[in-house]
Amino acid sequence: AQKITQTQPGMFVQEKEAVTLDCTYDTSDQSYGLFWYKQPSSGEMIFLIYQGSYDEQNATEGRYSLNFQKARKSANLVISASQLGDSAMYFCAMKNYGQNFVFGPGTRLSVLP
Amino acid sequence: KAGVTQTPRYLIKTRGQQVTLSCSPISGHRSVSWYQQTPGQGLQFLFEYFSETQRNKGNFPGRFSGRQFSNSRSEMNVSTLELGDSALYLCASSLELRQGKLETQYFGPGTRLLVL
Numbered sequence: 009a010q011k012i013t014q015t016q017p018g019m020f021v022q023e024k025e026a027v028t029l030d031c032t033y034d035t036s037d038q039s040y041g042l043f044w045y046k047q048p049s050s051g052e053m054i055f056l057i058y059q060g061s062y063d064e065q066n067a068t069e070g071r072y073s074l075n076f077q078k079a080r081k082s083a084n085l086v087i088s089a090s091q092l093g094d095s096a097m098y099f100c101a102m103k104n105y106g107q108n109f110v111f112g113p114g115t116r117l118s119v120l121p
Numbered sequence: 007k008a009g010v011t012q013t014p015r016y017l018i019k020t021r022g023q024q025v026t027l028s029c030s031p032i033s034g035h036r037s038v039s040w041y042q043q044t045p046g047q048g049l050q051f052l053f054e055y056f057s058e059t060q061r062n063k064g065n066f067p068g069r070f071s072g073r074q075f076s077n078s079r080s081e082m083n084v085s086t087l088e089l090g091d092s093a094l095y096l097c098a099s100s101l102e103l104r105q106g107k108l109e110t111q112y113f114g115p116g117t118r119l120l121v122l
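Each protein sequence line maps, in turn, to chains A and B.
Per the working numbering, the first sequence starts with residue 9, numbered consecutively.
Per the working numbering, the second sequence starts with residue 7, numbered consecutively.
Mixed in with the good hints there might be a few duds.
[Said to hold, decoys possible] Below, a sample of chain A positions facing chain B; criterion: calculated Cβ distance under 10 angstroms:
(1) T15
(2) G18
(3) Y40
(4) Q47
(5) F55
(6) G70
(7) K103
(8) F109
(9) V110
(10) F111
(11) G112
These are computed hints drawn from the structure, not numbers from a lab.
The beta carbon of each residue, even a glycine, is placed where N, CA and C say it ideally should be.
Could you put together the complete structure from these sequences and hints?
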């Protein structure tokens, strides 16, 4: 069965610094997608970045990049130049063909001024 | 293009009542999924609909049901509400031009349900 692990329940980072949020996954499928979502206190889940299992390059979207290490089954999110508005819960998720999304427990990021 | 919309945004019910939540996906999106989010259990998958058919179902009792209409709008219903049903219910849609194709899910703002 697919599983997502996020080992950091909470993280602190100083404003303008970079931070890495860890995500490891477990699947026996060769083809899958990995996603990161941000959930501010308002509750809405905001899509940040996607990485396909066959993508050779790490995905980047503005200040977000995904450090994908397929052999280690890790898909860490890197946020560069943290801003106060980045304070939120961050969820790593995986989707396999024909199956529903599976989400990790989340990491609460707090950006300090 | 408008995002995923959910109504109502907030709801207060009492035990034993039933509730219906509505979700309108992004225009053109054919897949709709529902999730329950609680502080203790995290984000849990309820069910997924594609072209009016339930494609996947999570591990929830039969009190939780859903449906999808021909315009891809979806509703979920919870009958005989329990205190533990208090949660944020999130709906998400994805394009999925080809069935099963990996697509990003986009979420609505959620419905906060409080059961007293």
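The hints, checked one at a time:
no.: 1; hint: T15; verdict: 14 angstroms, violated
no.: 2; hint: G18; verdict: 14 angstroms, violated
no.: 3; hint: Y40; verdict: 7 angstroms, holds
no.: 4; hint: Q47; verdict: 9 angstroms, holds
no.: 5; hint: F55; verdict: 6 angstroms, holds
no.: 6; hint: G70; verdict: 16 angstroms, violated
no.: 7; hint: K103; verdict: 6 angstroms, holds
no.: 8; hint: F109; verdict: 6 angstroms, holds
no.: 9; hint: V110; verdict: 8 angstroms, holds
no.: 10; hint: F111; verdict: 4 angstroms, holds
no.: 11; hint: G112; verdict: 8 angstroms, holds
The earlier numbered hints that this structure contradicts are 1, 2, 6.
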